[in-house]
Amino acid sequence: AQSVTQLDSQVPVFEEAPVELRCNYSSSVSVYLFWYVQYPNQGLQLLLKYLSGSTLVESINGFEAEFNKSQTSFHLRKPSVHISDTAEYFCAVEPTGRRALTFGSGTRLQVQP
Amino acid sequence: DTAVSQTPKYLVTQMGNDKSIKCEQNLGHDTMYWYKQDSKKFLKIMFSYNNKELIINETVPNRFSPKSPDKAHLNLHINSLELGDSAVYFCASQKTGAAAETQYFGPGTRLLVL
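Chains as they are written, first to last, in our numbering: chain C, 1 to 113; chain U, 1001 to 1114.
If we strip away everything but chain U, and leave its shape as in the complex, we get (with noise of 0.2 angstroms):
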């Protein structure tokens, strides 16, 4: 009954891989978000999707591609990993409607690239 949920948890890889995290959630929310927080825990919004639409994207590489087959999912796929990328990555999702709706967060899916 996890509201928002990510796979795999860890991902360890080598550079130069490609790599897709999932993302699900079961609130029948609309609007779904990728952040990435890096080793410092800061935490920067990447993408959003409203009902399998992107509305936002954060100047992230081209070597990373959202992609939602419908309102309930947002996988993050990522070509040619690099030392960089190495963070924890969460999922959000939220409610559209009035402002400031509370977004809830998946887990977290730990990336190390070696």
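Pulled out of the complex, with its shape left as it was, chain C reads as follows (with noise of 0.2 angstroms):
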């Protein structure tokens, strides 16, 4: 079974500050990790994922997040956000084998002026 911590529900920050949304992981199997964002009243996004490879996944809103396998983590981290990045994001596992995403309890990030 897997299970995703997201310790923070919400991230205030003003705008332009750099912000980290943390995310925790257990699995007994291999996993693949998402990172989505849901807009107000939207359907869930895709902002970027690690399958294998570097560590280091970068989206292409300047987004990005490490895969730490030892500490079984995968941060989200901006250096300079804006106003349009308020939203919930959702951090995701999907074990090798099963196709299925157990998401995290999201974090709310609201950025202010």
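The hints are simulated quantities; they were obtained by calculation from the structure and are not laboratory data.
It is possible that some hints are incorrect.
[Stated by the list, open to error] Once the Cα atoms are required to be at most 30 angstroms apart in a straight line, the calculated DSSO-like pairs of lysine-lysine come out as:
#1 U:1071 / U:1041
#2 C:49 / U:1040
#3 U:1019 / C:49
#4 C:49 / U:1052
Every value quoted in this text rests on a predicted model; they were computed, and no experiment measured them.
Work from the hints to combine the two standalone chains into their complex.
Below, the structure is given as structure tokens:
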């Protein structure tokens, strides 16, 4: 079985400040790792994912996440946030051999002017 | 040209009623899912279908019955609605093939049971 923990339910931050959203997981098998974003009243959209290779993955809008196997973490970071980044961010895992995502409880990023 | 669409967007109904939510994807994907998002934003998989066959059923009450008439559609029928069924239901689709393919989500159906 897998579980995903997002310790921060809300992260308020000022515009242009850096931010880190934390994600830890546990699994008895290897997993693939994802970050999805949900803007208000919308469905989820993939932000980035880690399958293998370089442990640092980047999205097109400036977010990056680093896979740390020893700490079973996949924290999401952005060096400078915009108002438009305000959304709910979900960390998720997919175990190898089973096509089903297990999501964390989400972190609400609130960017203030 | 919406990739994954759901109808209705909002559904308000009384306890005990039966209702259906429809999902359609035009991405040519073979795998489709239903997720439930509760009031605390927690997302949990309910079902997955691959080529019209049920693959995953995550111990959902049998009042919930998914139906896949073809690869592009996965509908969710709910019998005898209960207050606890109030949630946002998301449909998603995924290409079968390499591992960890991106799931594409619909806009959600907000169900309120009174």
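The hints, checked one at a time:
1. A C-alpha spacing of about 28 angstroms is found between residue 1071 of chain U and residue 1041 of chain U, which places the hinted pair at or below 30 angstroms, so the restraint holds.
2. As the CA atoms of residue 49 of chain C and residue 1040 of chain U are separated by approximately 24 angstroms, the hinted pair is consistent with the 30 angstroms bound.
3. For the given pair, residue 1019 of chain U sits about 35 angstroms from residue 49 of chain C by alpha-carbon distance, which is inconsistent with the 30 angstroms threshold.
4. Proposed proximity of residue 49 of chain C and residue 1052 of chain U is supported: the alpha carbons are some 27 angstroms apart, at most 30 angstroms.
Hint 3 from the earlier list is the only one contradicted by this structure; the remaining hints agree with it.
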